[in-house]
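Q: Protein chains in written order, with UniProt numbering: chain A, 1 to 408; chain B, 1 to 408; chain C, 1 to 408; chain D, 1 to 408.
These aren't lab readings, by the way, just hints derived from the structure by calculation.
Any given hint might turn out to be false.
Far from chain A, some chain D residues (derived; all Cβ distances over 12 Å) [claimed, not checked]:
hint	residue
1	T27
2	P48
3	L263
Listed next, the in silico BS3-like pairs over lysine-lysine satisfying Cα-Cα at most 27 Å (straight line) [what the hints assert, rightly or not]:
hint	chain 1	residue 1	chain 2	residue 2
4	C	K384	B	K384
5	A	K23	B	K231
6	B	K23	B	K6
7	D	K166	D	K7
8	D	K384	C	K384
9	A	K144	A	K173
10	C	K166	C	K7
11	D	K337	C	K6
12	D	K144	C	K384
13	B	K398	B	K408
14	B	K23	A	K349
15	C	K231	B	K337
16	B	K6	A	K195
17	A	K6	A	K195
18	D	K384	A	K6
19	D	K144	D	K195
20	D	K23	D	K231
Beta carbons: idealized from backbone N, C-alpha and C, even for Gly.
Number of protein chains: 4
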Amino acid sequence: MSDAPKKVVLAYSGGLDTSIILKWLQTEYGCEVITFTADLGQGEELEPARAKAELLGIKPENIHIEDVREEFVRDYVFPMFRANAVYEGQYLLGTSIARPLIAKRLVEIAQAHGADAVAHGATGKGNDQVRFELSAYALDPSIKVIAPWRIWDLTSRTKLIEFAEKNQIPIAKDKRGEAPFSVDANLLHTSSEGKALENPAEQAPDYVYQRTVNPEDAPDQPEYIEVTFEKGDAVAINGQAMSPATLLAALNDHGGRHGIGRLDFVENRFVGMKSRGIYETPGGTILLEAHRGIEQITLDSGSGHLKDSLMPRYAELIYNGFWFSPEREMLQALIDKSQEYVSGTVRLKLYKGSVSCVGRWSDMSLYSEAHVTFEEDAGAYDQKDAAGFIKLNALRLKLIGNRNARVK
Amino acid sequence: MSDAPKKVVLAYSGGLDTSIILKWLQTEYGCEVITFTADLGQGEELEPARAKAELLGIKPENIHIEDVREEFVRDYVFPMFRANAVYEGQYLLGTSIARPLIAKRLVEIAQAHGADAVAHGATGKGNDQVRFELSAYALDPSIKVIAPWRIWDLTSRTKLIEFAEKNQIPIAKDKRGEAPFSVDANLLHTSSEGKALENPAEQAPDYVYQRTVNPEDAPDQPEYIEVTFEKGDAVAINGQAMSPATLLAALNDHGGRHGIGRLDFVENRFVGMKSRGIYETPGGTILLEAHRGIEQITLDSGSGHLKDSLMPRYAELIYNGFWFSPEREMLQALIDKSQEYVSGTVRLKLYKGSVSCVGRWSDMSLYSEAHVTFEEDAGAYDQKDAAGFIKLNALRLKLIGNRNARVK
Amino acid sequence: MSDAPKKVVLAYSGGLDTSIILKWLQTEYGCEVITFTADLGQGEELEPARAKAELLGIKPENIHIEDVREEFVRDYVFPMFRANAVYEGQYLLGTSIARPLIAKRLVEIAQAHGADAVAHGATGKGNDQVRFELSAYALDPSIKVIAPWRIWDLTSRTKLIEFAEKNQIPIAKDKRGEAPFSVDANLLHTSSEGKALENPAEQAPDYVYQRTVNPEDAPDQPEYIEVTFEKGDAVAINGQAMSPATLLAALNDHGGRHGIGRLDFVENRFVGMKSRGIYETPGGTILLEAHRGIEQITLDSGSGHLKDSLMPRYAELIYNGFWFSPEREMLQALIDKSQEYVSGTVRLKLYKGSVSCVGRWSDMSLYSEAHVTFEEDAGAYDQKDAAGFIKLNALRLKLIGNRNARVK
Amino acid sequence: MSDAPKKVVLAYSGGLDTSIILKWLQTEYGCEVITFTADLGQGEELEPARAKAELLGIKPENIHIEDVREEFVRDYVFPMFRANAVYEGQYLLGTSIARPLIAKRLVEIAQAHGADAVAHGATGKGNDQVRFELSAYALDPSIKVIAPWRIWDLTSRTKLIEFAEKNQIPIAKDKRGEAPFSVDANLLHTSSEGKALENPAEQAPDYVYQRTVNPEDAPDQPEYIEVTFEKGDAVAINGQAMSPATLLAALNDHGGRHGIGRLDFVENRFVGMKSRGIYETPGGTILLEAHRGIEQITLDSGSGHLKDSLMPRYAELIYNGFWFSPEREMLQALIDKSQEYVSGTVRLKLYKGSVSCVGRWSDMSLYSEAHVTFEEDAGAYDQKDAAGFIKLNALRLKLIGNRNARVK
């Protein structure tokens, strides 16, 4: 097997599945394995992953555990929110946006170690394999990517458990059976999908939700918060400046408490099938409403409508795994250009599952009370101009009307 | 004044402002006035408008009062909702979509009466003048449009009241002073704007809302309803078939009771300024969520993403008044083509201001549990195919990566 | 090999390569082979294909030879030209547009014969495999597609010839060696690519061109022709009505004689690599200029600009093989809607490699000399309207200008 | 007339019409006039404009004559060509792109002189008034713009001549009568329109063309030239480095000699009517073909298709006068981002009215002969990958096919 990898960097969570992958890589290829475990804000302790990796024979210098939360929010989440990106009208792309960062670190670690391959634990049916691999190939065209789920014959829970037992991989008690659904989490969201959720006609059971209270259980009083933006990025809550990850975490607390950001969704995967997911994006849902609110007064129609019309394509690129593509970067350049004056503060009402912008102000505001007022406007606007405006906008329609009358 | 209109069809509400316009048309041009009063579901009695028109000297045969609610929902609201149209990310276009129908009837009545002009009561600062006039000119290029607000010198409340008094126009007591804000309503929505609402930093006072309860006052228990679609249009609620207008009215009841569909919004008017509006669209907000829900399982990604990418343009056309334009009709043809299989039922949860789709099913569903399942899929999908799929999607990115490495 | 096809419909040209495929299918799978040979206007006799198929043991009732030229032009070429479709700015999609029709007939013949598979002779590097297979799968999701070039080990000319010899497949003398380049032809175009043309820096040699004279060898006098359109489709040349295929053939004669429609092009294949092709599309190039010319006077800006903005996506869909996709059909509905009034006649100058529209007229024309004239326009247009038009278009820009001045 | 301008900067050509405007401004408003005459490469001596301005009483310090050719090409023409911008499929925007620069200089001179207004000689029917005024308002929201053609009553040639005679404005002999058509020229193009050209059915007479020979009169031998690009901009011809304006002038020489770049066109004006123009853009036509040629090998499909899909909108913005708008700048950011690697050289054939790219090469090329070759590719590409690629692209279409079969 001359094509076999010699040294592999594995995206390693410390859980059973990636531990099995770790061991499988060792046994299948006889290769050296390097682990990469990232704190993306998924809310789990990472140090156990170190111990487990060591137990599986990974050399200490081959174990990488990193807190990438600030980088994640600053360089991935925030740029995406500048675009008000939503996939298929509703999904805030919480899983999609984390994959490129993980792939980037895998490749960088591979290069630092002289590794020839990276490996991930995504299955052959999902989007994540595509996101990991397109990112990795874009950043290092010579890298190999190993996707064990597409290769091995451990195609049932039973076989996996057998493999684990045969290879002395510790198995937590609750992992022997199948999980009722599969979970992915990071600072932006928690997604749940599969098995118990596979019938899109049936309401998801309450126990699926992990990060938000049921709106019925949220406080009976609304809470008001203010979010401040600079050049399109949130920088403060209630006047208190915060780093990107700190701010998103704080919004998650607010949102989670009020049951905000739940989404029951059926989406089109890039690989061609539909899937049903339950998403919880408490902070992100607040952030989107807030960003739209500040754009309402700081973006003109030319900028806003252009952004709006390109947003679906931008979101699709992220969903499909093309973060590190020239076209995503081109769109980002366009979007970032629009955010130069998107600064100011919005006031938001949080209440039992919903968030609404109820006020917004900015030194950069384009809102002109002088123009819009129902009162005397002191000459700011000459209503007679509207007659000419309409006449010339109508001219084409009149010519069409005349033509159609003539030929019918 | 050879250019003066001889016979004018006026969009007449029966209120003070359009009564003043009626009289002004008579006195300014000495022309015959025909009134058109439409029941679009605004929730007001129309017969008083007849009495008032007669009082102002309009001949009985020149008074047109029509219930156009079914036409409004069937031919305007529903086609628009097939597109999931929202303007600037959030506004459901409730005012915009009513104007073309009114203009169409004005022109048709003008043609039936041999009138040479139509008149409306929209001001020179807003979008409605544009919507009325573009529609009128498109449908009858030879029609004159009279927009008194852009012409006369009745530029203050005081002058208007004086004119009314001088011309024996009855003035309701509460109309002597200025209204604290201006209202437009129809079966789809109520909008409020101006004066008390002109500062976008300040939360709109509670008394502005007319059609929805405050979410805090909504029932403490969620309500679940099912909406059934055929070819993109809602046809039944909880299994009960309804006509378009009946169905929308029923959704309004549901939504209003649960405080659904409030929007505090700053938007870009077509005439170039920003304005702040408070919108209540209870039934429409439910309908949008429901339609998205049924599309989730019945539209593939090719159709859905194409629609999504064109929606902003379609919404902009409606907002700007181009309903009767070839490009709106072209987009409508595209959208309608996509709806052939958008049939099925969704289950919605209504609770304290929000509506969420929690289930959806359809004979036309494209969702394939056989493909997506985490379980054995009996060969529905070969995970190895994904490897080739990713490889070829990555090829371009690899070539770029190689190039960039080479030249840097 | 339980998965082996039992009965296969092969896209059969009668040439050496598809004859080898025919035999390979028989020997590899022991399956019954049905041949389909289409006259798409490629300019070759088809009856020899019958004799050859019979020689290779195909039963007469399994040999299908069809003249599909009219269907090709009417249902594929003309709808595409309504969109002014060009791929990557220049390529007229001559190969792309023929594939769906061939795939459709393969599937229909398979269904008529109860065959379980279709086969084609496209390689694994190109776009045609994608176009054939996406079309076939869309039209019959249960069909198998056999692409021998991706499967077999006949990976060199030598091996192919050996296989042919071993299997008594007649080999024309000039087919023993490698062709200097590969050719595809139909009524719309001839494409040449590969081998001698693989260096995009080097000018293609003159002998590559098969359907057009070198412009230097074209007549020294221009020729003028008139093309008449009805609802977007060409229906007559110089006043003489013609069927679609007859008309395109006549345009090919005109264009070929004047050296029109040559294109030396490097394009992005759907499978991720770039390739260089030499295309000759004499009639199509004339048709595109003619169609643009008639649209100039019959389409308004709203229709035209919307079409223009969607054309790249439409062309990409056709190039990538998605003719039988809902999104192509949605775009077609939009485009066809625009063509209702695209009727009239254009006058074209053909001269030494170029075609230019030099006149156009139509009963459906929207061109209004009354409006545009530099002379007195008798009130058709009030120049003062332009002031208001500009003022309101500028309002937003002024508000931005003020803001930017304020905050800088 | 308190609104009357005090000091006006006039876009002054030195010709009869703008001399009349100059005098009219003085007499109508009693204001001080400052003249601005720009050398945009229109091919006329500018110093006579100085003498004429002095003769009309303009103070020497109020006369501005500037050579802006390099700025014009570098900052306006070249950025636009990075986008391959064409309006309505064919027009290279030669007039449109010059207006913003003139407006910018008018405003800057006004600010330097403390002038409160600018004036231009564009009529109320055309696009140029819009382009001048939107640019001026965007750059200085407080500036007044005077457009005499929309104001005065000099509505016939006779009245203009009378006014000139009455005011001692010298009249060249050939200017007494009406010109047979109207001309605009700059380094990018010459446009001719109006009067003799107003019937779009009739071929434009030969004497209209001023900058290109008739293709029939062009050399009988083709000429080959090489154009080199760096980051999307042309920098050398036949290996000789040139400044932007010098390079465009040289391309004009080449193109004019070979009859390249003539366009007979009917277009949609922003003000709603259609007009017919004859355009000559010899150098620009070559530049567009050259730029497309170099992009063929240096841009991947993601970048190229995104650019292509936005080009119509970008071109429309320039045509409509929105050069100085945030949305044009956003699109420019996107386009410029794409040009980072658009460097290399193309070989072009110029012959009797047409220009064709016949070769292109670049260190930045993405063309991979290793991948595309028909020969053995040494493992660069695994044809079997294509099977998976097609399968997953087809999955959605198969699910649709199954659904449609099921429900029909």
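Q: What are the numbers of the hints the structure violates, in ascending order?
A: 4, 5, 8, 9, 11, 14, 16, 17, 19 and 20
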